[in-house]
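Enquirer: The whole structure should be built from the sequences, with the hints applied where relevant.
In the order they appear, the protein sequences are chains L and U.
Be aware that the first sequence starts at 1, since it is given in the numbering used here, and climbs by one per residue.
Be aware that the second sequence starts at 566, since it is given in the numbering used here, and climbs by one per residue.
It should be emphasised that the hints constitute simulated quantities derived from the structure, not laboratory data.
Treat the hints with care, as some may be off.
Calculated lysine to any residue pairs in the SDA-like style (CA-CA distance at most 20 Å, straight line) [to be verified]: (1) L/K301 to U/K693; (2) L/K346 to L/E335; (3) U/K673 to L/S130; (4) L/K301 to U/E695; (5) U/K693 to L/D293; (6) U/K610 to L/D293.
If you want a taste of the chain L side facing chain U, the calculated C-beta under 10 Å gives, among others [to be verified]: (7) K23; (8) N26; (9) W29; (10) D132; (11) M207; (12) I209; (13) S210; (14) F230; (15) S233; (16) G237; (17) S240; (18) G284; (19) F296; (20) R303; (21) N316.
If you're wondering where the values come from, they're calculated on a predicted model, not measured in any experiment.
We treat Cβ as the ideally placed atom computed from N, Cα and C, and that holds for glycine.
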Amino acid sequence: MNQQQLNTRISEIRDKLTAIEQKPDNRIWLSCESENAYAVNKFLFEEVPLRFVIATVIDSDDYFEVLYHYAYDEIGCMVTLKALIRDRENPAIESIAPFLPGAEWIEREMHDLMGIEFRNHPDMRRLILSDDWPVGVYPLRKDAKKPAERPDGEPSRRPTVQSQSPARRTVQLSKPVLPVGPFHPLQEEMELFQLAVDGEIVTDIDMRISYNHRGMEKIAETLQFDQVPFLVSRICGICSASHPLAYVQAVEEFAGITPPDRALYVRTIINELERIHSHILWVGLAGHFIGYDTVFMWAWKYREPVLDLLEEITGNRNNYGNVRIGGCREDIPDELKPKIIAEMDKIEKKMVMLTKAVLDDPVLHVRLKGIGILKKEDAINYCVTGPTARASGVDIDVRRDEPYAAYGVLNWNVITQPEGDVFAKAVVRLLETLEAIKIVKEALVKLPKGPVAIEVKQIPAGEGCGHAEAPRGETFHYVRSDGGNRPVRHKMRAPSYVNVPSFKASCLGGNIADVTITLASVDPCYSCTERLAVVKDRGGKVLHDYETLLKLSREKTEKIRKEIL
Amino acid sequence: MGLSTKAVKKSPWVFHVNTGACNNCDIEIVDLLTPRFDVERFGIKLVGSPRHADALLVTGGVTAQAAPRLREVYRQTPKPCVVFAIGACACGKGIFTTGYHMVGPVDKIIREIDPDAIIAYVPGCPPKPEAIISGVVKALAAI
Ligand code: SF4
Numbered sequence: 001m002n003q004q005q006l007n008t009r010i011s012e013i014r015d016k017l018t019a020i021e022q023k024p025d026n027r028i029w030l031s032c033e034s035e036n037a038y039a040v041n042k043f044l045f046e047e048v049p050l051r052f053v054i055a056t057v058i059d060s061d062d063y064f065e066v067l068y069h070y071a072y073d074e075i076g077c078m079v080t081l082k083a084l085i086r087d088r089e090n091p092a093i094e095s096i097a098p099f100l101p102g103a104e105w106i107e108r109e110m111h112d113l114m115g116i117e118f119r120n121h122p123d124m125r126r127l128i129l130s131d132d133w134p135v136g137v138y139p140l141r142k143d144a145k146k147p148a149e150r151p152d153g154e155p156s157r158r159p160t161v162q163s164q165s166p167a168r169r170t171v172q173l174s175k176p177v178l179p180v181g182p183f184h185p186l187q188e189e190m191e192l193f194q195l196a197v198d199g200e201i202v203t204d205i206d207m208r209i210s211y212n213h214r215g216m217e218k219i220a221e222t223l224q225f226d227q228v229p230f231l232v233s234r235i236c237g238i239c240s241a242s243h244p245l246a247y248v249q250a251v252e253e254f255a256g257i258t259p260p261d262r263a264l265y266v267r268t269i270i271n272e273l274e275r276i277h278s279h280i281l282w283v284g285l286a287g288h289f290i291g292y293d294t295v296f297m298w299a300w301k302y303r304e305p306v307l308d309l310l311e312e313i314t315g316n317r318n319n320y321g322n323v324r325i326g327g328c329r330e331d332i333p334d335e336l337k338p339k340i341i342a343e344m345d346k347i348e349k350k351m352v353m354l355t356k357a358v359l360d361d362p363v364l365h366v367r368l369k370g371i372g373i374l375k376k377e378d379a380i381n382y383c384v385t386g387p388t389a390r391a392s393g394v395d396i397d398v399r400r401d402e403p404y405a406a407y408g409v410l411n412w413n414v415i416t417q418p419e420g421d422v423f424a425k426a427v428v429r430l431l432e433t434l435e436a437i438k439i440v441k442e443a444l445v446k447l448p449k450g451p452v453a454i455e456v457k458q459i460p461a462g463e464g465c466g467h468a469e470a471p472r473g474e475t476f477h478y479v480r481s482d483g484g485n486r487p488v489r490h491k492m493r494a495p496s497y498v499n500v501p502s503f504k505a506s507c508l509g510g511n512i513a514d515v516t517i518t519l520a521s522v523d524p525c526y527s528c529t530e531r532l533a534v535v536k537d538r539g540g541k542v543l544h545d546y547e548t549l550l551k552l553s554r555e556k557t558e559k560i561r562k563e564i565l
Numbered sequence: 566m567g568l569s570t571k572a573v574k575k576s577p578w579v580f581h582v583n584t585g586a587c588n589n590c591d592i593e594i595v596d597l598l599t600p601r602f603d604v605e606r607f608g609i610k611l612v613g614s615p616r617h618a619d620a621l622l623v624t625g626g627v628t629a630q631a632a633p634r635l636r637e638v639y640r641q642t643p644k645p646c647v648v649f650a651i652g653a654c655a656c657g658k659g660i661f662t663t664g665y666h667m668v669g670p671v672d673k674i675i676r677e678i679d680p681d682a683i684i685a686y687v688p689g690c691p692p693k694p695e696a697i698i699s700g701v702v703k704a705l706a707a708i
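Expert: Following this line, the structure appears as structure tokens:
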């Protein structure tokens with residue numbers, strides 16, 4: 001479908017909408033009343049069909065707006081549906097999660113933060129706020145107390161709000177048994193996974209996040225437009241180039257700012273350097289999970305020179321904060337070009353070697369093929385992005401679908417694999433690293449002369465969506481401005497937010513020895529796999545903690561090795 | 566100097582706790598293990614349980630959900646133990662100071678349960694691996 005056909009297709013549901021607007025050409029804004037939202041969403045997701053990105057809820061004084069963001073990747077068009085909820089006292093809207101599993105988390109989040117009720121949601125338990133957060137206090141509402149103040153009120157002490165339809169939770173998970181969850185030297189963020197098992201087979205998985213919830217969307221409302229990039233680069237340390245870029249692109253879009261050419265190339269180079277070190281980091285961790293510790297050490301060693309280059313360009317090994325509205329903060333000095341190219345050549349050699357070693361290793365083939373398969377339908381229903389989607393045969397990549405920075409003029413390929421298993425994800429990442437190296441080299445050669453930023457005086461009122469391809473998938477930012485110097489609403493969505501729930505599809509029915517590597521294969525912001533507790537479905541005794549799972553995973557590799565060699 | 570203090574100084578086993586960090590501090594800590602820095606040379610070892618640890622490397626400004634877990638980890642760690650607040654977040658909540666879900670910083674949470682806790686600060690966002698090593702060495706010299 002081209003843009004024209006897409007517009008025609010969408011206008012089929014015209015009678016349910018109150019407005020259709022198109023600005024700029026590849027952004028369509030639809031409005032409707034809350035009663036019609038379910039039907040319109042169903043039409044957009046199932047009939048058109050569009051990819052669901054995320055939803056944003058905005059407190060607009062007299063009413064609430066729920067914004068459903070969709071993308072049509074074939075032509076890089078974003079469609080946003082605004083549903084108005086006029087009842088401020090008891091805001092409620094029909095849930096879309098029954099037909100769109102990818103929306104389950106965000107609806108729970110909107111319920112937590114803004115107090116919107118989603119009717120017929122399968123599992124309305126608390127997701128993002130802490131266990132002791134008071135009931136009925138919604139931090140994102142405009143009338144909430146100042147952000148720094150902890151709200152008072154009766155702490156709920158209930159881990160979760162009652163599920164509306166308990167039938168969905170097929171296995172009654174016993175209470176969390178471990179007070180903290182197992183720790184491990186490689187432990188990263190805290191996320192609690194509870195697995196229910198029947199013998200060796202995983203029958204259910206439940207996830208609890210919140211440990212890392214820092215309330216950034218509210219903090220962003222207190223910062224000036226220019227300060228926000230520094231905040232959003234700290235959403236995640238290894239996506240710290242792509243988050244600010246997505247934000248800046250959202251602002252530049254509605255403010256009508258075009259950064260100079262050189263800035264576009266510098267942005268490309270920084271983003272690809274980030275992708276290189278992030279993918280190498282993942283390869284190392286994946287090696288660790290299946291017992292290849294040499295790969296872990298080597299990969300992390302190869303990664304260091306990339307961090308050095310980033311430090312030399314931006315002044316920091318991570319959290320570069322190099323992009324700003326209207327361009328970039330730091331330029332790449334011309335003297336540095338030969339050094340970067342030389343480093344890229346070195347890394348390329350090592351990565352080619354590593355890629356060959358992985359592709360030729362018979363043990364890895366047996367160990368990783370057919371494990372943790374995420375089927376294409378599931379990938380679409382859970383709306384996953386990035387390597388997780390591409391390894392399941394979903395051919396999407398923001399860099400190609402809606403070319404930003406300098407990606408449109410460089411030569412590179414999108415890597416996809418049809419199988420959807422762990423091996424496919426590894427292949428996608430390894431080959432993508434090689435592509436990234438190619439992009440960096442070409443961009444350096446073509447780097448145009450000129451300034452690296454233009455001066456921006458004022459950000460007008462308006463709203464915009466920006467997205468960028470981070471190492472883990474699409475980062476999405478929605479910004480609304482009222483003409484002041486701070487955003488009135490800023491929605492951020494990290495790729496793991498949609499990728500992690502897909503564990504429900506990829507882990508169930510699998511063997512517990514494969515759980516760590518299946519979870520890690522999504523690269524859930526480094527690795528969430530450390531917080532595992534396997535809970536028995538009857539009796540409620542902890543069978544395995546993370547350490548045992550890691551051991552199981554490594555033993556399985558060892559067994560395969562013995563059988564083959 | 567008691568035997569346990571001597572053990573802490575000679576070969577500190579550290580346990581890493583993330584209380585709501587952006588991952589960068591954490592990655593830099595893991596980076597310490599890998600070939601370029603390789604702190605195991607000095608007897609510093611990351612361990613998998615707080616019960617085996619002499620020191621806690623805490624990152625992040627402590628979110629409401631993580632605070633009880635941090636307290637629990639501190640309780641489980643044998644004393645004497647040194648708490649390292651790694652990064653601007655852990656030292657003073659950093660860029661997330663105004664967040665509604667932040668209850669930290671680390672020293673506040675730890676002092677609630679142990680007013681005499683030994684706490685060392687390594688600022689930076691993220692601190693470079695060299696800075697973390699230097700912080701650990703200095704703190705151990707001061708015990
Ligand atoms: S101090 Fe900086 S790098 Fe470390 S966790 Fe906080 S924001 Fe991230």
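Enquirer: Would the hint on L/F230 stand, with a C-beta cut-off of 10 Å toward chain U?
Expert: 7 Å, holds
Enquirer: Below or equal to 20 Å on CA atoms is what counts here, so check L/K301 against U/E695.
Expert: This hinted pair holds, its Cα atoms lying about 16 Å apart.
Enquirer: Checking hints one by one. Is L/K23 an interface residue toward chain U, by the C-beta closer than 10 Å rule?
Expert: Result: violated, 33 Å to nearest chain U Cβ.
Enquirer: Tell me if the straight-line CA distance from L/K346 to L/E335 falls inside 20 Å.
Expert: 18 Å, holds
Enquirer: Would the stated hint for L/R303 survive a check requiring a Cβ distance to chain U of less than 10 Å?
Expert: Since the shortest Cβ distance to chain U is 8 Å, the answer is holds.
Enquirer: With 10 Å as the cut and Cβ atoms as the points, is L/I209 at the interface with chain U?
Expert: 9 Å, holds
Enquirer: Using the nearest Cβ pair, does L/S240 come within less than 10 Å of chain U?
Expert: With a closest approach of 7 Å, the L/S240 hint holds.
Enquirer: Can L/G237 be said to touch chain U, with a Cβ gap under 10 Å?
Expert: 3 Å, holds
Enquirer: Is the Cα-Cα distance between U/K610 and L/D293 20 Å or less?
Expert: 16 Å, holds
Enquirer: Does the alpha-carbon distance linking U/K693 and L/D293 stay inside the 20 Å limit?
Expert: Outside the cut-off at roughly 24 Å; violated.
Enquirer: Given a cut of 10 Å on the nearest C-beta pair, is the interface hint for L/W29 held or broken against chain U?
Expert: Given a least distance of 30 Å, the restraint on L/W29 is violated.
Enquirer: Would you mind confirming whether the straight-line C-alpha gap from U/K673 to L/S130 stays at or under 20 Å?
Expert: Holds, at roughly 18 Å.
Of the numbered hints listed earlier, those contradicted by the structure are 5, 7, 8, 9, 11.
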